[in-house]
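S.K.: Please build the complete structure, drawing on both the sequences and the hints.
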Amino acid sequence: MSVNFASAVLSNAILSGTSLLYATLGELVVERAGIVNLGLEGIMLIGASVGFAATFVTGSPYVGILAASLAGLAANLLFGYLVIGRGANQLAAGLSMLFFGLGASALIGGRYVGAVIEGLPPVLLPGVRGFDALVWLGAPTALIIWWLLFRTRRGLALRAAGEDPAVAFAAGYRPDLLQYQAVAFGGLLGGVGGAHLSVAYTMSWDEGMTAGRGFIAIALVIFARWNPLWVVVGALVFSGAEALQLQLQARGARFSPFLMSMIPYLLTLAALLFWGRNRRSAAPAALGRNFHGVE
Amino acid sequence: MTKLPMLMAACLLLLATRPAQAESALTVGAVYVGSVNDYGYNQAMHEGLEAMKAATPGLTLLEAENVPETAEVDRVMQGMIQQGAKLIFATSFGYQQFAFDLSKRNPDVVFEHAGGWMQGPNFGNFFGATQAAWYPMGVAAGKMTKSNTLGFVVGVPIGFAIGNVNAFELGARSVNPKAQVRVVVTGSWSDKTKETAAANALIDQGADVLTMHVDSPATIIRAAENHGVLSIGFQSVAARALAPKGWITGLGFNWGPFMTATAKSVMAHEFKPAMVREGLGEGMLAVAPFGAKVPKDVQALVNAAVEKVSKGYNPFTGPITDNKGVVRLKEGESLGGDKMGGLDWYVAGVIGEAK
Amino acid sequence: MPTDMELTSSNDIVRATRQQAQRVVMIVLAALALFALLLLIDGKDPLRAYRDTLRSVASSYGFSELLVRITPLLLTALAVALPARLGLINVGGEGQLYMGACMATAGALHCASLPAWQLLPLMTALGFAGGALWALAPGIMRAARVVNETISTLLLNYIAPLIVSYFVFGPWRSSDSASYPQSPAFVDAARLPSLFGTRMHPGLFYGFICLAIYGFVMRRTRWGLEMRAIGGNSEASARLGIPVSGYMITAMAVAGGIAGVAGMAEVSAIQGRLVANLSPGYGYMGFLVAWLAGRSIVGIPVMAFLFAVVSSMGDVLQITQRVPYAVVNLLMAVILLIVLGQRKKGSAR
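Chains as they are written, first to last, in my numbering: chain A, 1392 to 1686; chain B, 1335 to 1689; chain C, 851 to 1199.
Just so you know, these hints were derived from the structure itself, not from any lab.
This one's a predicted model, so the numbers in the text were calculated from it and none came from an experiment.
One should not assume that every hint holds.
[Said to hold, decoys possible] Taking beta-carbon pairs under 7 Å as the criterion, some of the chain B residues facing chain A (in silico): (1) Asn1371; (2) Asp1372; (3) Asn1400; (4) Arg1516; (5) Lys1526; (6) Thr1527; (7) Thr1530; (8) Ala1531; (9) Ala1532; (10) Asn1534; (11) Ala1535; (12) Leu1536; (13) Asp1538; (14) Arg1556; (15) Ile1685; (16) Glu1687.
A virtual CB, placed ideally from N, CA and C, is assigned to each residue, including glycine.
M.R.: Pasting the structure below:
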């Protein structure tokens, strides 16, 4: 296998994995605050459809991405209100958002199927394949999130809300406000993740085009043990599997694409088993529970 | 507990009001697996049906898009029958069994399925004989390529798609003995992200002409345009609009005449089920206009190939060896159109695994 | 709302059903109003949509299709409800369904010469086994406190459809249909018979029988009592001598098996072969049905019926008003969001 092959797989994995990266980072922040959103797929779809529609209508992909991020933020805040404000079951609320996103995106994007847009322009650096701005910003975003979560007061408070809300409350923070902030931020990134697919990568819109990426992102958060830096690696692994099998096909080799796609999930399960036996769970301790304030 | 009776009363009231049914000479239903704006397969079907509607006064057309190839399509078609449809076009390959079963339960409704083989007293099958038509496309690609690598994205690796790839390579080889076709299978008729990734993979492996057998050529053509790569379209000649720089030519379906004839025969109660497979010669398939970059001598070669195929030339005539070295057709032997569905080997020069 | 502990007579069952139905009606009316607003914004006619749906549902075909739709939902909802009694969260219905379908197909393809009265029970058992095995691993991992079952069942949901696709594109690909990725058609003996000339099939009976058994076990047997105790307080139950791990593993396996039977019914009755995209999310819909039903057993068929009616509205909207079918998800979501918003903080949900 030539260097050419490896770099082709890598660059394709990076390109197709960018949307997954952003969505996963968003979900990670939300989960660090103690909330799991199973409906991330719906948020991404809303981002993809709004982003594409806005790009077509205004002619600017930047406006499109912005609109998508705001739409994702709004949708996630709806989810957040139900879970934080009304104390709803997180899994049920998340799945409801999945259906919401499936339906809303079909309605929004419906009249734009087949529309032609100019996608995000590539940022050309000498010697490297032209990636668009969002691709370049992916890893730095992960770094910034890592720094925010692990090196700032606010990040500590947010993580505390996810580990033990009562402790955060005792330290003077409002866990529910922190959770709202996390949910808003997560929705923003989720919308961007969806929009990258439609505005930059394929430059088209089709119903359900995220094809399960939102769910993959949820698995990826687990794979990365809730650490943003590992998310970058994980996004490469998860999207690399698909890039690898397509490049192998183009070279004439054949390995069952389905078996290859299974590998990241099997790896995740194996990792969970291994770490679990040591009784060390990386998950935020209060993940999935809702804080009800001081009784 | 007065709520429940109130609700029931409301339901009965709604039921009682009947909408005014417009009188219609014939109600036709059509089910699409994707969107009719896809610059591809579904758009070509839709345009054919619109042509049928324009040519048949008093015809009502019911359409449903994005219907998956699952049990859902049964409900949609039945719903159309409930709305009075007497002719149903099941336009996607995967609808066949469901449409066939439904045809047995509704003997007074005529069903036409695209791309399959089943037939019944009220069930007909139609498609374009695409394989031979890919031969001139291969001629065009073979002449226009500089890297001698052609890229072909296949959606679902059925025998007919393999036949298209084979004819494409045979055409390319006939004008350029060094031309090779690399094949990437996405596994689905329509998956935009996979198609983009597949196009990228082919371009990375050196392809400078891309073509495809998926429902919508749009994504792959756009990816080609972005990378400065040439493209050949399929399914609908409208795809030309997507590649102002890199368009060579393309194939498109021309369903209008067939659909109009079918509708008229149903209205006259003269429908006879048939297995209709027509190609370039009969006008079921059309060749798109050439792109700006195609020189006149190449155009002449392609047109000559189109002529040849229209007059009945079968590119699957021996001697033909497959890409593993096995001789598949001896001198003088040829493979008929009815055998295309069972193809499971690629001709020499195609890089890929058919099985 | 009487808990199902207090359902001892058929009168109680009728009353519970009526209360459930009432609740459903109120929620649905609110949702329909909101949805009508959305339709109006999009330029469509909501009254016509509702009227057409009613007419479609009132027809015999329409009603039979409703029953066809609720069949898999009854089973996948049970797959969630049963472990929920022990405090376990099973979101793996989707994967368990696929594996059940896969195993049942193996039986159909390799034992095709058996007569129907042997083959169909065999396939049912295989379907159950496939789903049970798929849920067994998460059950064991949870009982051993190694991996949270929500996470493990979720992850396995991704792998199962890939396994089915592998078989359908590979070893089981039928060569007699232009090599389209699907298994060979099942022999007649492997097909669950259709009832009354419609697409209704005995899978419906599987659903109601499982529901009845579940209800009986939960309310009338010691097993049910002990399982509910575990759900209440697993540590106390363990100290009382209840074999918590054993129950957890068994409950997960049985739940997975029930979802697996749903998969078997899909391939045997509806599809007649194994195909790649078997389920439009029955597993997740089942989760929502079970959640909507709460602790109530009669709630499961009622909520499944609700889902079915909403889905059929999607068909009607699509054909009569060119609204994309996916929009019906919006209606479903609106209903769910209203229910979610209703429940007060701190109450049992």
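S.K.: Now look at each hint and say whether the structure bears it out.
M.R.: Structure-based check of each hint:
| no. | hint | result |
| --- | --- | --- |
| 1 | Asn1371 | 3 Å, holds |
| 2 | Asp1372 | 6 Å, holds |
| 3 | Asn1400 | 6 Å, holds |
| 4 | Arg1516 | 5 Å, holds |
| 5 | Lys1526 | 4 Å, holds |
| 6 | Thr1527 | 6 Å, holds |
| 7 | Thr1530 | 5 Å, holds |
| 8 | Ala1531 | 5 Å, holds |
| 9 | Ala1532 | 5 Å, holds |
| 10 | Asn1534 | 5 Å, holds |
| 11 | Ala1535 | 4 Å, holds |
| 12 | Leu1536 | 5 Å, holds |
| 13 | Asp1538 | 4 Å, holds |
| 14 | Arg1556 | 5 Å, holds |
| 15 | Ile1685 | 4 Å, holds |
| 16 | Glu1687 | 4 Å, holds |
The earlier numbered hints are all upheld by this structure, with none contradicted.
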